[in-house]
Amino acid sequence: MAHIEVKEGVPGIRSLFQFSPETGKPLCELAEVLLRGPSPLSSAERELIAAYVSNRNDCMFCMNSHAAAARFLFDERKQVVDELLKDQTADSLSPKMRALLWIAAKVQGSGKYVTPNDIENARKAGANDTDIHDTVLIAASFSMFNRYVDGLASFTPANEEDYLEMGKRMGQKGYHI
Amino acid sequence: MAFIDLQNDLPGIRGPMIYRPETGTILNELAEVLLHDEDNTLSRGEREMIGAYTSYLNDCFFCQNVHGAMAQHYFECDMQFIDNIKKDFLSADISDKLKSLLSIAGSVQKGGRYVRSEQIEEAKKLGATDREIHDTVLIAAAFCMYNRYVDGLNTWAPTDRQVYVDRAPMRAREGYSQVGLTK
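Each protein sequence line maps, in turn, to chains U and V. Each residue of the first sequence is one higher than the one before, counting from 0 in numbering that gives the first Met the number 0. Each residue of the second sequence is one higher than the one before, counting from 0 in numbering that gives the first Met the number 0.
One chain only, chain U, in its complex shape (with noise of 0.2 Å):
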C-alpha cells in the first residue's frame, strides 16, 4: 500500500500525478520533451535509456513500463531491450549507444562518477553534444522518478504483461497528464 492516501488500483506515477496534478504538470512535460521531443537520438533509444536506469535504480514500475514503450518503439528489434535488461548484454547495439549507455549508469550512481575519458569515448563512437546532454538529463530525471516512484510506495502491477498495453500507449501517445 502506498505511504500515502492514494486512488487504489491506479499504477506507479499515475496515481502520484492524480494526487498532486500541480506538479504531475511539469513532470509529464519533462518526460514527453525528454523522451519524444525533438533530440539526435531515437525515441526508442530514449526509452532505452530510460528502463536501463530504471533497472538499476531497482524500480520496477519505471522499468517496465519504459522496457515496454523502448520494445514497442524498437519493434522488430525488440530483442534489444531484453538483451540489454536481462542478460546484460549490449551487443547488438551501435558503439555511440553503448558509449551513453555507460555514461547513463555513472550518472545513476552519481553525476560525480563521469569522467572526462567517458565523455571522450562517447565522441570518439560519434556522440555530439546533444546526445550526451540528454543521456545525463534522462538518467538524472530517472533517479528522480524512480525514486518518486518507491520512496512513496507507489502501486506497482507484478507481471510483464500487464505493462504491455501501457508501453504501447507510451509509445504512440506519450506523456500527458
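A hint or two may mislead.
Covered by chain U, per the in silico footprint, the following chain V stretches (three or more residues, Cβ under 8 Å) [said to hold, decoys possible]:
no. : stretch
1   : 0-6
2   : 20-27
3   : 55-64
4   : 124-133
5   : 140-151
In case anyone wonders, no lab produced these hints; they're calculated from the structure. Since we're looking at a predicted model, the values are computed, not measured. Beta carbons are placed, not taken as given, at the ideal position from N, Cα and C, and that holds for glycine.
The hints should help you fit chain V onto chain U, whose structure is shown.
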C-alpha cells in the same frame, strides 16, 4: 570546464538550462512549484532546506550552496545554522516534524526503497500531512536529478559561498520561473 560546449558562461544548472531551453524551462517550472509556490503548508524555508540537505548528501557544491543560502534567507539565520542542520539535523534547533521529514529525504537520497513505513508513521505522528510527505519525497527526488545534471555535465560553480548568500534575496523575490533565462 563543462564536458560539453554549453555556449554560455553561466554557473551550475543555469548553463545547461540555457543550452537546452526546451528542458530548462520545465526544470524551472518544477522548482517553482516545489520550492517557491506559496500554496503549501511547508514553509519556503523548510522546502529549501530539504533541497539543500539532499544536495549535501549528494555532495553537489552548487546546489547545496544555492539552496542552503535560500533556506538561510527564509529562516533569517546565518550559514552556520544551515551547515549544522546538514551535518546533524537531529541536534539542530528545528521542529521535530522537520527532522522527521529530513530523515525521509535522507532515505530517498539513497533510493526510493529505503523509505520505511516507520519513518512515514513517525512523520504523521508529528503532524505531517500526506501532502507534506508527498512534497518531501518529491523535493528529495528532484534534487537527486538536479544534482546529477549539474555534476554529470561537470558545470562550474563559484567557490565563494558569500556569492550564494548575496543572490538569495533576489531569487526569493523573483522565484525560479526565469532562472538562467535572464539572471
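Of the hints stated earlier, which fail here? The structure conflicts with no hint, since it agrees with every one listed earlier.
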